[in-house]
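> First to last, the protein sequences are chains A, B, C and D.
If you're matching positions, the first sequence starts at 1 in the working numbering and goes up one per residue.
If you're matching positions, the second sequence starts at 1 in the working numbering and goes up one per residue.
If you're matching positions, the third sequence starts at 1 in the working numbering and goes up one per residue.
If you're matching positions, the fourth sequence starts at 1 in the working numbering and goes up one per residue.
Don't take every hint at face value.
Below, in silico cross-link-like pairs of lysine-lysine (DSS-like), each with a Cα-Cα straight-line distance of 27 Å or less [as the list claims (entries may be wrong)]:
{"id": "1", "chain 1": "B", "residue 1": "LYS237", "chain 2": "A", "residue 2": "LYS148"}
{"id": "2", "chain 1": "B", "residue 1": "LYS7", "chain 2": "A", "residue 2": "LYS17"}
{"id": "3", "chain 1": "B", "residue 1": "LYS7", "chain 2": "A", "residue 2": "LYS16"}
{"id": "4", "chain 1": "A", "residue 1": "LYS125", "chain 2": "A", "residue 2": "LYS148"}
{"id": "5", "chain 1": "D", "residue 1": "LYS131", "chain 2": "D", "residue 2": "LYS303"}
{"id": "6", "chain 1": "A", "residue 1": "LYS90", "chain 2": "A", "residue 2": "LYS194"}
{"id": "7", "chain 1": "B", "residue 1": "LYS237", "chain 2": "A", "residue 2": "LYS121"}
{"id": "8", "chain 1": "A", "residue 1": "LYS85", "chain 2": "B", "residue 2": "LYS165"}
{"id": "9", "chain 1": "A", "residue 1": "LYS139", "chain 2": "C", "residue 2": "LYS477"}
{"id": "10", "chain 1": "A", "residue 1": "LYS16", "chain 2": "B", "residue 2": "LYS130"}
{"id": "11", "chain 1": "B", "residue 1": "LYS165", "chain 2": "D", "residue 2": "LYS131"}
{"id": "12", "chain 1": "D", "residue 1": "LYS49", "chain 2": "D", "residue 2": "LYS100"}
{"id": "13", "chain 1": "D", "residue 1": "LYS185", "chain 2": "D", "residue 2": "LYS134"}
{"id": "14", "chain 1": "B", "residue 1": "LYS130", "chain 2": "A", "residue 2": "LYS77"}
{"id": "15", "chain 1": "A", "residue 1": "LYS139", "chain 2": "C", "residue 2": "LYS183"}
{"id": "16", "chain 1": "C", "residue 1": "LYS489", "chain 2": "A", "residue 2": "LYS194"}
{"id": "17", "chain 1": "D", "residue 1": "LYS49", "chain 2": "B", "residue 2": "LYS130"}
{"id": "18", "chain 1": "C", "residue 1": "LYS8", "chain 2": "B", "residue 2": "LYS7"}
{"id": "19", "chain 1": "B", "residue 1": "LYS131", "chain 2": "A", "residue 2": "LYS21"}
{"id": "20", "chain 1": "A", "residue 1": "LYS125", "chain 2": "B", "residue 2": "LYS7"}
{"id": "21", "chain 1": "B", "residue 1": "LYS131", "chain 2": "D", "residue 2": "LYS49"}
{"id": "22", "chain 1": "D", "residue 1": "LYS134", "chain 2": "D", "residue 2": "LYS160"}
{"id": "23", "chain 1": "C", "residue 1": "LYS8", "chain 2": "C", "residue 2": "LYS18"}
No wet-lab data here; the hints were simulated from the structure.
Computed from a prediction, not measured in an experiment: that's the story for all the values here.
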Amino acid sequence: MALLELRDLHTFFTTKKGIVKAVNGVSYSVDAGRTLGIVGESGSGKSVSAMSILRLLDGNGYIDSGEILFEGRDLTKATNEEMYKIRGNKISVIFQEPMTSLNPVFTVERQLNEVFLTHQKVSRKEASRRSLEMLQAVKIPNPTNVLKQYPHQLSGGMRQRVMIAMALACQPRVLIADEPTTALAVTIQAQILKLMNDLKEQNGTSILFITHDLGVINEMADDVAVMYCGQVVEMASVETIFGENPYSHPYTEGLMNSIPRLNTPTGVRLEAIPGAVPHPLDLPKGCKFAPRCKYATSRCLAEEPALYEIEDGHQIRCFYPCKADRTRDIEQMKEAQHAK
Amino acid sequence: MAKYLIKRFLYMIFVFFIVSILMFAITKSVPGDPALKMVNQQLASTDPARYQIALEEARQSLGLDQPLPIQYVKWMANTLSGNFGFSLQYRRPVIEVVGTPMFNTVALNLCSLILVFAITIPLGIISAVKKRSAFDQAVQVGSIIGYSLPTFVIALLFIYLFALKIQIFPISGSATPGTDYTGLQRVGDYLYHMALPLLVSTFCSLGGILRYVRAAMIDALREDYIRTARAKGLREKVVIYSHAFRNALIPIVTIITSWFVSIFGGSVVIESIFLWNGLGNTILTALRNLDSALYLAMMMFYVIITLIGNLLMDIAYCIADPRVKLQ
Amino acid sequence: MQNNQTEKKVLLRISHLKQWFPVKKTTIGGEQLYVRANDDISLDIYEGETLGLVGESGCGKSTLGRVLLQLYHQTEGKTMYYGRSIDSLAPSYVERTLKGLERGRAKLRELEARRDQLVREYEALDENARLSKKAEKDKAVKEAHSLFLDMAQLVGGFLALDDLKPVKELFLQEYRAAAALHKMKDARALVQISRNALEGRIEAAREKGKNSASQAAKLRKMDADLSARDGKIAAAESELSRIRSEIDALRHKYAGQEKFDEYERYRDTGIDLAKLRYKEMRQLRKDLQLIFQDPYSSLNPRMTVGQIIGEGLLAHNFFEKNDDRMMDYIMKTMEDCGLSSYMIHRYPHQFSGGQRQRIGIARSLAVKPKFVVCDEAVSALDVSIQSQVINLLQDLKEKEHLTYLFITHDLSVVKYISDRIAVMYLGNVVELARSEDLFNHPLHPYTEALLLAIPTTDLDHRKQIVPLEGDIPSPIKPPKGCKFHTRCKYATDACREAVPDFIEAEPGHFVACHHILDHKVIE
Amino acid sequence: MSKNEKRKSSLLLTIRRLFGIREKETDLLKEEQMQSPFRTMVRNFVTNKVAMFGMIVFLLIFGTVFIGSAIYPLDVNQQDTTQQNISPGFNMLSIPSALKDNAQDVAVGSTFAVGVDRDGKLYQWGKLTEKLQKMPDADKTYVQVSAGLNHALALTDEGKVVTWGNDRLGLANIPFEVKDATDIKQIAAGYQVSFVVTESGDVYYWGNPNALTISIPEELQGTVDKLVLNLTTAFVLTKDGRVVMLSNSATPFANIPEEIQGTVVDIAANDRAVAAVTSDGQVHVWGTNDYGLFEVPEAAQGKAASISGGRFHFTVITQDGTVVSWGNDLYGQSSAPELQNVVSTDSGYFQSYAIDEDGHLTGWGLKGYLFGTDQYGRDVALRMLAGGRMTMTIGAIAVIISTIIGVIIGGISGYYGGWLDNLLMRFTEIVMSLPFMPLAIVLSAIVGNRLSEVGRISMIMVILGLLSWPSLARLVRAQILSAREQEYVTAAKAMGIREFTLIFRHILPNVITVVIVNTTLAFASCLLTESSLSFLGFGVVEPSPTWGNMLNSAQNSDVIADMWWRWVFPSIALSLAVVSINLIGDGMRDAIDPKSNER
């Protein structure tokens with residue numbers, strides 16, 4: 001029984017030019033104590049799907065259809081009152097920009113205390129005490145001073161730690177980390193990643209980790225969902241995704257080949273995915289990835305494949321999930337053309 | 001902070017002197033001889049000799065016989081020592097003359113300041129939160145019209161409506177003539193007379209400030225930390241009134257003072273329409289009677305107000321925004 | 001390492017480069033603080049190589065890239081450019097230096113005196129006392145040396161002579177000849193392009209079946225003019241070579257004197273970019289180009305792609321204004337960079353991120369540069385687009401024989417793309433080596449830490465990241481001694497006190513550390 | 001081959017090339033060129049309803065003001081005591097239908113007219129004061145009427161005189177001789193006086209004796225046949241056809257041509273001249289020759305039967321019963337219609353009426369004022385046109401001045417920076433710390449006093465300009481600074497663009513848009529300031545009008561209450577102008593950066 005489960009979620013945005021289907025039938029689930037990594041390019045709807053969980057979509061966004069099951073109840077139907085009780089308490093978030101995500105005019109202490117005072121019946125003193133504990137938990141040097149400081153007096157890494165402290169204040173069941181390290185320097189990113197892992201071990205929090213950096217995913221996630229154009233195109237354990245495996249979605253495959261790895265020899269040409277992500281307002285009719293897919297057939301362009309389980313724990317949204325087969329097919333096609 | 005204040009203060013003094021020289025030069029270029037006002041004009045016909053002498057004495061007493069730089073220095077010295085010279089029109093030292101007007105003006109403007117913010121802040125917040133709602137649109141258009149209408153037009157309109165058609169307020173003045181109220185009665189009468197000018201000056205300021213508050217609020221609501229606050233599970237009220245508004249306050253605070261200063265100047269019109277015995281009115285009458293000492297003092301007062309206003313603005317800004325450190 | 005003998009031709013030589021940005025003073029009379037973006041950097045960039053520059057955000061790698069292109073006025077140090085011979089530009093600073101040759105040497109003598117004294121004092125001290133003294137000594141040495149170089153680079157061994165007057169005159173002659181030649185060539189270039197434009201117009205007319213006699217005449221006149229100019233230029237060239245031979249003769253005379261030969265070694269045909277005037281630098285910018293990180297903000301939203309690319313062409317007299325051939329050229333460049341040419345009239349906001357970056361690349365490469373700084377050129381792009389752009393850059397490098405300075409924070413990209421890699425930390429290059437060497441056995445603790453901190457897509461070392469503790473210190477008040485000592489697990493007193501020298505620990509492998517790592521990191 | 005031809009051809013070339021690639025490329029190209037940022041701005045603006053509304057309103061006002069004031073030029077010194085504070089409306093010539101075809105006698109007052117029909121019923125129309133509205137009892141039958149500035153007389157069939165309207169200055173108390181008299185032949189109401197002439201040829205008058213200078217010589221009594229008035233004096237026609245002026249002041253009126261004496265059959269007086277009709281039908285005019293009063297039209301000369309005079313015009317009935325008017329034709333009072341067998345006319349002030357033998361009553365001349373008149377009897381509408389032009393011109397020039405200063409200072413300190421920047425910004429701060437309104441007032445009061453009208457006006461412009469540039473300067477500076485930080489400017493620099501190009505191609509465009517918006521909004525605020533100054537009497541002063549100083553005289557309660565037209569119309573005009581300009585400015589800002597209309 002998954003702790004948090006999205007079932008065929010559709011989240012749309014109304015814009016002047018039309019309805020943007022940011023999240024277009026997404027389903028994934030986070031099990032207790034595990035980390036689900038969501039990877040995808042900008043505009044793949046990974047953040048939106050996460051924000052839909054907390055129903056924190058800005059102005060013109062709305063959940064069109066689908067279910068978000070958390071501890072068995074559907075958050076899409078929950079009242080605002082219930083949502084208040086869930087946000088920051090049962091499900092909490094860490095955002096990308098530590099620089100702007102903290103309120104510049106309040107001290108760290110006040111912003112931390114707020115969480116306790118909203119979700120737990122505690123006195124200010126008690127709240128401050130717990131805030132201090134949290135700062136210690138996230139390994140901030142001399143926390144007592146930091147409590148009294150304003151965000152702008154802290155470095156990016158420190159702010160992100162404060163954000164984490166704030167997020168974990170009420171021991172949430174689920175922690176949504178939305179590109180938490182993208183804005184940080186590499187060594188600092190490593191610190192934060194490690195910290196998150198450690199804390200996860202300690203309180204058995206489930207993490208929904210969103211990033212576009214495959215490396216980070218590899219470090220953090222137990223399971224991975226690859227998103228493209230508002231859909232999950234592949235979902236499997238991290239070993240399946242990054243390891244040797246007969247099945248994969250062409251997009252995932254492309255990503256893997258396109259990024260240079262430390263062991264990629266110099267001079268060897270990278271296999272780039274041609275073209276660019278389609279504009280959210282005119283998505284292709286069939287498989288969203290078909291226009292950029294080297295394996296694409298007329299079928300791909302015509303009808304849209306569904307996400308289905310190819311092997312246990314491994315879902316793919318593609319007509320030709322088997323690497324070997326599709327490469328062979330393409331070879332044959334090439335030869336056929338040569339023959340002509 | 002202290003360092004900053006000192007630095008700023010020195011700068012203020014510098015500006016003050018520059019402006020004072022300017023003002024002095026301007027007033028000195030006034031045609032007509034103020035000494036004439038001091039001398040009994042009958043003498044001219046009856047006893048020209050004595051008239052001339054009297055005139056000379058007057059000139060000397062006003063220090064008009066000395067070269068301009070010396071006059072300036074003298075005047076400055078006096079001004080700084082609190083002696084703003086002698087009002088020819090009231091035949092009393094300026095310092096005695098300006099007391100009441102100053103009080104009246106400050107009273108009027110302070111009240112309108114309070115009223116304006118009492119009205120605009122809630123309105124601004126609501127229309128910012130309900131962005132592009134019908135309400136917001138209405139507020140938008142209303143505010144544009146509001147800040148476009150000239151003060152005196154509003155004044156005439158309000159007089160027509162509230163003093164002539166529905167006679168609930170007095171047309172002008174700052175006290176009912178022929179009455180010698182005391183204590184509360186007097187205050188009541190005072191407020192009763194202030195009502196209409198107050199109404200007008202408030203109404204005129206609404207539009208501009210409202211737009212400003214709204215803009216500031218919208219900017220604040222766009223920030224990432226608002227999303228964070230929501231994600232913490234804070235109630236929408238808290239998010240808006242504590243987190244967003246506290247940030248919107250920063251830009252708002254900074255305009256309060258500058259705007260306050262400007263309405264000081266702007267209240268000239270209102271005062272003259274409602275014959276409100278304030279600085280504006282005084283300066284006008286002083287100008288009409290070429291009472292140089294008086295309006296010179298007035299001008300300097302305005303300058304000081306402006307300078308202090310700017311200083312207050314900086315301080316307020318630094319208080320409102322922890323990121324700003326005055327040094 | 002200033003003059004390590006190498007078969008590869010040096011394109012750019014940076015020595016003791018400093019770029020300090022003044023921090024806005026907060027108090028009156030308070031001491032002026034600086035952001036030490038680049039703090040004493042020395043490296044060579046060889047022709048045809050790709051030099052990778054890695055480091056965390058705020059380590060000053062972008063700054064370095066821009067200082068090389070003189071987009072900032074560098075605070076200290078030399079940036080010598082060897083892409084052109086100095087007399088092909090005849091920059092005014094040469095004249096200045098030559099004129100002040102005697103005065104310069106007098107000054108030099110003083111500095112050297114001071115330096116020698118300090119050195120003597122330094123030698124006298126014992127180990128740990130030295131540490132504190134080192135900075136002062138080094139400063140003196142550097143001052144003396146840089147002044148010496150300013151002159152020696154131009155006149156070489158002659159600086160050793162007692163009487164500089166005749167030499168000075170001779171060199172001034174040479175300079176003036178070169179300057180005159182340069183002027184002529186520029187003038188000729190202008191005539192050339194307008195001639196080409198005319199030719200283009202005539203052809204266009206011919207396509208339309210029209211033939212204008214007057215134009216043809218004009219063309220003939222221009223050709224005549226050109227050949228005339230060529231004659232003059234040839235004359236000027238011979239004059240220049242005459243003076244040259246004179247100088248060589250003189251040089252021959254003194255050759256063998258050991259001081260002369262010693263100085264002679266410092267003679268340098270490079271152009272000192274930092275000393276150039278705006279106009280002079282402007283001409284060089286054709287050779288030195290920059291590709292930006294952010295494809296959105298680096299394109300003027302008010303200009304069409306055509307205009308954006310054409311701008312550089314016009315500025316560097318590739319074509320005359322509204323010459324039809326320019327359009328063809330631009331379209332060709334666009335196609336080379338993977339943009340379809342019909343987009344020429346589009347505005348940047350009509351393109352996707354990847355295409356915008358291609359526009360940026362097209363803009364830079366249209367002017368046929370020799371050296372390109374790629375400042376995080378792919379970091380802002382989506383994963384799937386990154387590889388497209390990287391490939392493009394690689395291809396173009398092959399085609400145009402470019403030299404890249406590839407700035408990025410992404411180790412795997414930099415390893416893939418570059419021949420050598422320089423690692424920066426807090427304004428200093430801490431390690432510089434061939435990329436395999438660097439990854440196989442880093443010598444600097446920071447490099448090591450960096451490698452361990454990078455999340456990789458390889459399953460076998462996931463969850464093995466060993467984060468580097470502590471925060472990056474502020475570049476305004478960097479730690480004394482070795483800037484890394486605050487976070488370094490091997491740090492000792494030496495590190496806290498003295499700045500380590502940037503030494504060649506292994507052939508072609510430079511490192512600045514007191515405790516060079518001997519063990520290998522990645523097997 | 002000229003430059004732009006070249007450009008065209010190169011464009012053609014590209015287009016042809018685009019044809020070459022694929023067919024749809026061409027419209028693609030069009031669509032793309034549509035998307036240039038400038039076009040987008042324009043589109044944003046045009047699609048913004050509010051802004052366009054503002055634009056239209058402003059253009060309307062602007063057009064009306066400038067074209068209107070060109071068509072109807074205003075004589076700033078033109079005043080008319082007889083036309084003060086007339087409310088808007090055109091009912092001065094609206095004759096009651098009952099009277100229209102049954103008129104017996106008609107008399108023209110300053111802003112109204114009185115008539116009596118053949119059944120002796122009284123009528124009056126036009127702008128009537130309250131007192132005038134109290135008409136005498138209707139049961140009497142009247143035979144003759146006369147109207148003055150603001151009172152009227154009527155003669156009953158019993159030969160009794162009744163008076164109504166203004167009753168002050170003794171106009172009410174009719175002398176007993178007149179009360180007793182039974183043989184009253186003519187009644188004449190004038191400026192605060194009333195006259196009667198009896199059959200026996202005697203003249204009596206009452207009312208304000210100082211209103212006109214009158215002395216009736218004894219020997220004249222008993223010889224008077226007819227009496228005519230203007231605003232300053234009166235003349236009589238004796239039974240033996242001589243003309244006598246009832247005052248011995250040496251005005252041009254006094255030089256009555258000798259040769260006509262004894263042959264005069266009718267006389268008339270207006271406020272410039274006196275005219276007499278002699279038995280041979282000749283018309284002789286003397287006095288001052290304004291409005292071509294002396295040039296008697298052919299149609300009248302030699303055929304004149306009787307004559308009557310308005311304020312600046314005469315009307316003659318010819319022997320063959322037609323009517324001819326000449327003189328001042330400002331309101332068409334001298335362009336008489338084609339009429340037949342007219343028996344009597346009355347011209348007064350700015351109207352003329354004629355009655356023909358079957359009692360048809362026709363009137364022509366001043367119908368009324370669109371926006372009424374002010375305390376000097378000046379046409380408010382006309383002044384609003386001229387005033388509007390003045391206000392806008394001043395505002396515009398002031399804005400131009402301030403923009404120039406602001407852009408230069410802001411630009412210099414933004415682009416060069418360093419100590420220069422510091423200096424200029426300090427200077428700007430100082431100017432900013434000057435109290436705007438008071439200083440403006442003081443300056444215009446002090447400096448203005450010694451200047452000619454034109455000088456004063458131009459000074460106002462300068463003052464406004466000099467005091468209102470700082471904000472713009474700061475804005476421009478900020479813009480330039482931010483523009484210089486733009487990545488694409490660095491890119492251009494790295495590309496080796498010439499500095500000149502850099503500034504004009506990459507930096508200025510960012511500034512210009514902002515400047516335009518700011519200028520628009522500044523224009524609005526300059527209008528406001530100018531009118532405030534003028535309103536206080538420290539800006540443009542009488543007589544030359546601006547919307548501001550037209551309201552200056554409206555500062556007392558009776559005007560606000562009873563003469564609403566004197567403040568309502570200028571207020572509306574000014575407010576509309578400012579609002580519309582602000583709307584435009586806002587629209588522009590939104591158009592330039594669409595994010596701002598989120599705000």
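> Sort out whether C:LYS477 lies within 27 Å of A:LYS139, counting only the CA atoms.
Between A:LYS139 and C:LYS477 the Cα gap is close to 24 Å, so the pair holds against 27 Å.
> Are the Cα atoms of A:LYS85 and B:LYS165 separated by 27 Å or less?
Not satisfied, since the Cα-Cα distance of roughly 57 Å exceeds 27 Å.
> Please work out if B:LYS130 and A:LYS77 have their alpha carbons no farther apart than 27 Å.
Measuring from Cα to Cα gives roughly 24 Å; hence the hint holds.
> Verify the proposed pairing of D:LYS49 with B:LYS130, using a straight-line Cα cut of 27 Å.
Answer holds: D:LYS49 to B:LYS130 is near 21 Å, not above 27 Å.
> Can the restraint linking D:LYS134 and D:LYS160 be considered satisfied, given a maximum Cα separation of 27 Å?
Judged against 27 Å, a Cα distance of about 18 Å means the pair holds.
> Does A:LYS148 lie within 27 Å of A:LYS125 when you go C-alpha to C-alpha?
holds (14 Å)
> Taking only the CA atoms, is the gap from D:LYS49 to D:LYS100 under or equal to 27 Å?
Judged against 27 Å, a Cα distance of about 52 Å means the pair is violated.
> Is A:LYS125 close enough to B:LYS7, meaning Cα to Cα at most 27 Å?
Violated: A:LYS125 and B:LYS7 sit about 41 Å apart, past 27 Å.
> Could you grab the alpha-carbon distance between A:LYS90 and A:LYS194 and see if it respects the 27 Å cut-off?
Holds. A:LYS90 to A:LYS194 sits at ~22 Å (cutoff 27 Å).
> Can the restraint linking B:LYS165 and D:LYS131 be considered satisfied, given a maximum Cα separation of 27 Å?
Holds, at roughly 23 Å.
> Keeping to a limit of 27 Å between CA atoms, is the pair of C:LYS8 and B:LYS7 held or broken?
It is violated: about 59 Å lies between the C-alpha atoms, which goes past 27 Å.
> Are the Cα atoms of B:LYS131 and A:LYS21 separated by 27 Å or less?
holds (23 Å)
In summary, the structure is inconsistent with hints 2, 3, 5, 8, 12, 15, 18 and 20 from the numbered list given earlier, while agreeing with the others.
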